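*Asks:* Okay, here's what each chain looks like letter by letter:
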Amino acid sequence: MTTQRSLGRKTVVSKVPVKLLEQLCNAVGVSGNEDEVRRIVIEQVKPYVDECTVDALGNVLAVKHAKKKGALRVMFAAHMDEVGFMLVQDDGEGLFAFEPVGGIDPRQLIAKPLLVGKDRVEGVIGGKPIHLTKPEERRNAPQVSSLRIDVSPGSAGKVKVGDYATFATRFHRAGDSLFGKALDDRLGVATLLELARVNPGDLEVLFAFTVQEEIGLRGARVAAFDFAPDMAFVIDSTPAFDLPLPDEDSENVQYNCRLGAGPAIYLADAGTISDPRLIRFLVQLASENKIPYQFRQPGGGGTDAGAIHLTGAGVPSVSISIPGRFAHSPVLHARVQDWQNTLDLLQLILIHADRSILAVDRS
Amino acid sequence: MKELLQKLTQTPGASGYESAIREVIREEISPFVKEIKVDALGNLIARMGEKKANGSRIMVAAHMDEIGVIVTHVEKNGAVRFSNLGSVIPRYLPGSRVKFLNGVRGVIDSDKPEDLAKIQPMNQFFIDVGASSEKDCPVKAGDVAVFDREFADLGQRVASKALDDRSSCALLVEAIKQIKETPHELFLVFSVQEEVTSRGATTAAYGLDVDLGLALDVTPVGNLMGIKMQVDLGKGPAIKVRDVGFIADPGVVNWMVDGAKAIKIPYQMEVLDIGSTDARVMQISKAGMRSGVLSIPCRYVHSPSEMIDMVDYEQGLKLLVHLLSQPVKLR
Amino acid sequence: MEKIEAFLHSLMSSPGLSGFEKPVSEIITQAWQPLTDEISYSPLGSLHALRKAASSEPRPSLMIAAHMDGIGLMVKSFSRGFLRVTQIGGIDPRVLPGQLVTVHGVREITGVVQMIPDRFLPASAAGKAPVYDNLFIDTGLGENELKRVVRIGDIVSFASQPLDMGDGYISGHSLDNRASVAALTVCLEELKHYNLQWDLWCAATVQEEMHLIGAYSSTFHIKPTLGIAVDVTFAQEPGLKDHTTFPLGKGPTIGLGANIHPLLHKRFVETAKEIDMPYAIETMPRSSGTDAMAMQITAAGVPTMVIGIPIRYMHTPYELTTLTDIRRTGRLLAKFITSLEADSLTGLTRKEVA
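Chains as they are written, first to last, in my numbering: chain A, 1 to 363; chain B, 364 to 694; chain C, 695 to 1048.
Just to be clear, a hint being listed does not mean it is correct.
[Claimed, not checked] Within a straight-line C-alpha distance of at most 30 Å, the following computed DSS-like cross-link-like pairs (lysine-lysine) qualify:
(1) B:LYS591 to C:LYS841
(2) C:LYS841 to B:LYS598
(3) B:LYS692 to B:LYS598
(4) B:LYS649 to C:LYS917
(5) B:LYS591 to C:LYS822
(6) A:LYS134 to B:LYS481
(7) C:LYS822 to C:LYS944
(8) C:LYS746 to B:LYS649
(9) C:LYS944 to A:LYS134
(10) B:LYS415 to B:LYS591
(11) B:LYS414 to B:LYS681
(12) B:LYS624 to B:LYS591
(13) C:LYS944 to A:LYS158
(14) A:LYS158 to C:LYS697
(15) C:LYS944 to A:LYS160
(16) B:LYS681 to C:LYS935
(17) B:LYS400 to B:LYS681
(18) C:LYS841 to B:LYS692
(19) C:LYS716 to B:LYS649
(20) C:LYS697 to B:LYS624
(21) C:LYS944 to C:LYS697
(22) C:LYS822 to A:LYS134
(23) C:LYS935 to A:LYS160
(24) C:LYS841 to B:LYS627
(25) B:LYS414 to B:LYS627
(26) A:LYS134 to B:LYS591
(27) A:LYS290 to A:LYS15
(28) C:LYS917 to B:LYS414
(29) B:LYS414 to C:LYS716
(30) C:LYS935 to A:LYS158
(31) C:LYS1029 to C:LYS697
(32) C:LYS822 to B:LYS481
(33) B:LYS543 to B:LYS415
(34) C:LYS1029 to C:LYS967
(35) B:LYS692 to C:LYS716
(36) C:LYS935 to A:LYS134
(37) C:LYS716 to B:LYS624
[Stated by the list, open to error] Covered stretches of chain C, going by a simulated chain A footprint (3 or more residues, C-beta under 8 Å):
(38) 785-797
(39) 816-823
(40) 832-846
What the hints contain is simulated information worked out from the structure, not anything from laboratory work.
Fair warning: this is a prediction, and the values are worked out from it, not measured in the lab.
Even glycine gets a Cβ: it sits at the ideal position worked out from N, Cα and C.
Make a model of the complete structure from these sequences and hints.
*Replies:* As C-alpha cells, this is what we get:
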C-alpha cells in the first residue's frame, strides 16, 4: 500500500438484513423481467438516497451525494436478475415447452416446482416414472427439449407462451446457513440496500442494481456509462465448490472458494483482471480490521465488472463475492457469517476510500 | 473360541446338504438346551428357557449352509462340469480347490484362461479330480463339493472358508453355552439353504409362534461387485438397518443399539445395497414378525478365504448374550 | 366430501417411508376410527380397520389394501460434512439434484441433494446423468454437529409440499399411494349409512415398495374371501402415451390379467357402467406390480382385483393427479361393496368339481 495511514474501523457496523434477503429471494426476477425485484429495491433504497432513477434497460440507479463537489465517485453494483425459464410452446392441457433464461444445467430441472407467470401459478417440471425408463435412458442427462412445465389442466388457461417461470423454492435459514433460490445475486442486492443506509461523508456513492447480468452483463454496461465512476466494486455471489470428491482421500484443488472463509476477492476471471490497487486496499482493510477474506481462485466465470471496467475510458474495478454453493440450481446455500463479513468490508470502503488509492499508476 | 470356529468352518455343509455340520452343532449344544428337533427341510431348532411375564418368544437364526458346487456332467476325459449352489463368484474359482462330501478333492480351472478378466459363466469352468476318464472318475452328476481351504489363525483376525455363516453359528453356539438366565422362550435355529434364498428360515419361521426374530449373519466389508461398503472390520458388530430385501424393524434396531450402549461395546450401523439374510423371510412369515439382524463384518465374502476380526466376534457375542438375557424393550 | 382434500394434504406432508410408516399410520387411524368398528395393527405396522357386516356369522369378508408407505432415501455414510444416501424404493437419481429433503435424525433437519460437480468427475462421468455414488446431501451443519444429529440408517424424506393446481389437480410426493388411501377413505364415508352383508377390512399396508412385504402378512392375518388392491397407475404424460398409460382425470382403471379374477373384473366393469362412471381397462398380462400379487398367493389363495388411479410422474417428488379420480375410485368401490349379497361371489374361492 502506498499510504501508511491506518484503515482501522471508525463506526459501528450494521447487521445483515436477513428478513429483507428473504423477501428478495422469494421475489421472481428472471433476466429481462426484473419488475418484482425492482419494486422492492426502489422501495428500500429511495428513503436513503438523493437520486433514484430507472434507466432505459431497467437498472435502478441510486446516488448519495457527497457534501462537497468533485468528490471521489465510487460505484457499487449488484445484479437483480436471476436465472429462470420462458414458456415457448403450448402443448395443451397445461403442458408447456420452455427454454432456460441464463445458464442452467438441465440435470437440475427434473421434478422441481416452479412459479409461472405474473400470477405465480404453481407448476412442476415432470419426471418420467422410473418404471417406464430403461437403464440406458437413466444414464443420460435430460435434454430441455424433452421436458415440459406442467401447470395441470386445472391451470391451463392461467399462463401463456412468453410467460416467465422460476424455481419455487422458499427461502429458509438454518443456523448460520441460508438456503434459497436466487441467492445469486439477491445477496449482493440486499448488501447494497444495507450499505445505502450508511452516510458516506466525503464520497459520491453510486449504487447500480443491474438487470440482465445472467445473459450478458447488459445492464451493468449502460449503468457504468451513466455513472462514469472513478472506481467500481461489484458485489456478486460466486460458487463454492468445497464439496465431496469422488475419491474421498484426494485433495480438492478446484474449490473456487469456500463457504465460511469470508468474502471472496476476485483477482482475475474470464472477463476482468481486477485492479491491483483496489485489491491492495481491500486486503489492508480486511487485515487491519480482522475481517476474514479469501481470494477466489483465478479462472473462468465473470461478473458485471467485466462490462464496467471497459466502460468509457476504463474504470478501476474489482469484484467481491459472497460464497454460495449450488449456483444456478433450485436451492443455493450461503452463510450468514460470510455475508456479514462482506458487509463489514464494504462499509469500511465507504469510510476509508479516497483518491490516494488511485494516486499511483496501476501496477 | 477359535477352536470352535475352526471346527465349524472346516466341516462341509453346502446348501441342501447340511447333515454333517448339523451333527457337529447338535453335539455342541445338546447339553445346554431343553429340546432339539430337526424339521422337514433340515433346520436344527433348539429351545431353551421358559417365557416369563416380562419375557418374549424369540427366534434367533444363523444359517449352517455354505455356498458350494454340484456336478452336472463328467466328460469322457474325466473333466467334471458343475453348477453352483448359492452365489459362487466366478473370479474366485480358477486355482481353487474343492472337497466333495465323499472326501474326493479336486482343482478348478477355466476353459478360457484368457477370458479371466471377464465374468465367465459357470459352464466354462471344470473340476479336475485327477481322473483320466469318465470311468475312473470318483464323482458323478449330483455330487456336491465345497471349497477346500484350511482355517488360518492370523492373530486378531482369522481367515477360512465358510465363515459365512459358521461364524454366526459359532456365535450362537457360544451364546447358548453362556446364557444362564433368560426371561424368554428362545428358539435357536441353525437354518439350512440360506444361500439359495433362505428356504430353511422360511419354513422354520412358519413352524414357530414367536414375537420377535433375530438373524445372525456376516456383512460384506470393502468393495463387493463394485459396491462400496460402509462397515469396517474391527469396529464392532453391525446392526442392520436395511439391505436389498429387508428393512429392519426400527424398534428392533433401537433395542440392539440400546443393548450395545448398555454393555459399552462399539457397534456399526449397516445400510447394505447388496444381498439379504434369513431375516427377510422371517419378517414376512405368516402375519408378520418384527425382525432385525446382528452382523459380523467379513472381508472377501463368498471367497475360499473369508476373514473376520475376533474383536467384532467377541463383542457380537457379548451383545447377543446380553440381548437374550434381558427383557426386550422395543421403542 | 370436502375434507378429503385436507386429509390428502396431511398424508402428502407426512414422511412414512417403507419400514417407517408410523407418522402416516397415525393420520389414517384418526380418519378411519369413526368410520370403522375395530382398528388393529400387524406386527409389521400395517393398519387393519374392520367394518363389521350386519348379517349373521359366518360371513364372507372383503379386504381392500392400499399401501401407505412411500419412497425416499436413507443415510448410507458420512463424507466429511456431507451425507451419502441410498434409495428406499426405486428413485431415478436424475430427479435428485437440487431437491430439498428432510433428514430424520435426532431432530429433523432440512438439506439439499446435489451432485459432485463435473470439474471433479472423471471425463467418462462428467456431463452424464448423476448416479447415487456422485450424489450427496448438504445440510449446512458442520461435520461434528452432523454426526451428533444423524446416524447411518436414518431416513431422508422429500420435503416437497403439496401443490394445489386448481380444479382439483394436486401435485406432491407420495401420491403413490396416499391417493388410494384417500380413495379408500371416500369409500368408507360413502358406506357410513349402509348396512353391509360382508365384513369389510380396509388395510393400509406397509412396505409395498419393498417387495410387497406388508401385503403378504396382512392377507395371511385377515384371510379374506376376496381381495382388492387399490394402487396408482401411470397417467399419460409428456413422452408417454401408449397402452401402459391412461388419460389423466378420466376415471380409474379396472385391471385385467392373471392377477385379477375374471369374474371380479366383470363385476367392476358392470358396476362402473351402472353408475355412469368413466373408466379405462388396464391390461396386466403378467404382473400387476401391486399388493394384489401378494394377496393372490397368500395362504390358500385369494381371488383378487386391482383398481388403479392414474397419476403422472410416478416415484418423483412431484407426482400429479386429480381429486376427481380419487373420489370416483372411492365411489366405485362403495358401489361394488353395497351390491355384494351375503352369498354372491363366494363360489369364486373354492368349488367342488362335479
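*Asks:* Each hint should be assessed against the structure and marked as holding or not.
*Replies:* Consistency of the hints with the structure:
| no. | hint | result |
| --- | --- | --- |
| 1 | B:LYS591 to C:LYS841 | holds (20 Å) |
| 2 | C:LYS841 to B:LYS598 | holds (17 Å) |
| 3 | B:LYS692 to B:LYS598 | holds (25 Å) |
| 4 | B:LYS649 to C:LYS917 | holds (11 Å) |
| 5 | B:LYS591 to C:LYS822 | holds (21 Å) |
| 6 | A:LYS134 to B:LYS481 | holds (24 Å) |
| 7 | C:LYS822 to C:LYS944 | violated (37 Å) |
| 8 | C:LYS746 to B:LYS649 | holds (24 Å) |
| 9 | C:LYS944 to A:LYS134 | holds (28 Å) |
| 10 | B:LYS415 to B:LYS591 | violated (44 Å) |
| 11 | B:LYS414 to B:LYS681 | holds (22 Å) |
| 12 | B:LYS624 to B:LYS591 | holds (27 Å) |
| 13 | C:LYS944 to A:LYS158 | holds (22 Å) |
| 14 | A:LYS158 to C:LYS697 | holds (26 Å) |
| 15 | C:LYS944 to A:LYS160 | holds (24 Å) |
| 16 | B:LYS681 to C:LYS935 | violated (59 Å) |
| 17 | B:LYS400 to B:LYS681 | holds (26 Å) |
| 18 | C:LYS841 to B:LYS692 | holds (25 Å) |
| 19 | C:LYS716 to B:LYS649 | holds (21 Å) |
| 20 | C:LYS697 to B:LYS624 | violated (46 Å) |
| 21 | C:LYS944 to C:LYS697 | holds (22 Å) |
| 22 | C:LYS822 to A:LYS134 | holds (15 Å) |
| 23 | C:LYS935 to A:LYS160 | holds (24 Å) |
| 24 | C:LYS841 to B:LYS627 | holds (19 Å) |
| 25 | B:LYS414 to B:LYS627 | holds (27 Å) |
| 26 | A:LYS134 to B:LYS591 | holds (24 Å) |
| 27 | A:LYS290 to A:LYS15 | holds (17 Å) |
| 28 | C:LYS917 to B:LYS414 | holds (29 Å) |
| 29 | B:LYS414 to C:LYS716 | holds (29 Å) |
| 30 | C:LYS935 to A:LYS158 | holds (25 Å) |
| 31 | C:LYS1029 to C:LYS697 | holds (21 Å) |
| 32 | C:LYS822 to B:LYS481 | holds (25 Å) |
| 33 | B:LYS543 to B:LYS415 | holds (15 Å) |
| 34 | C:LYS1029 to C:LYS967 | holds (11 Å) |
| 35 | B:LYS692 to C:LYS716 | holds (18 Å) |
| 36 | C:LYS935 to A:LYS134 | holds (16 Å) |
| 37 | C:LYS716 to B:LYS624 | holds (25 Å) |
| 38 | 785-797 | holds (count 9) |
| 39 | 816-823 | holds (count 5) |
| 40 | 832-846 | holds (count 4) |
In summary, the structure is inconsistent with hints 7, 10, 16 and 20 from the numbered list given earlier, while agreeing with the others.
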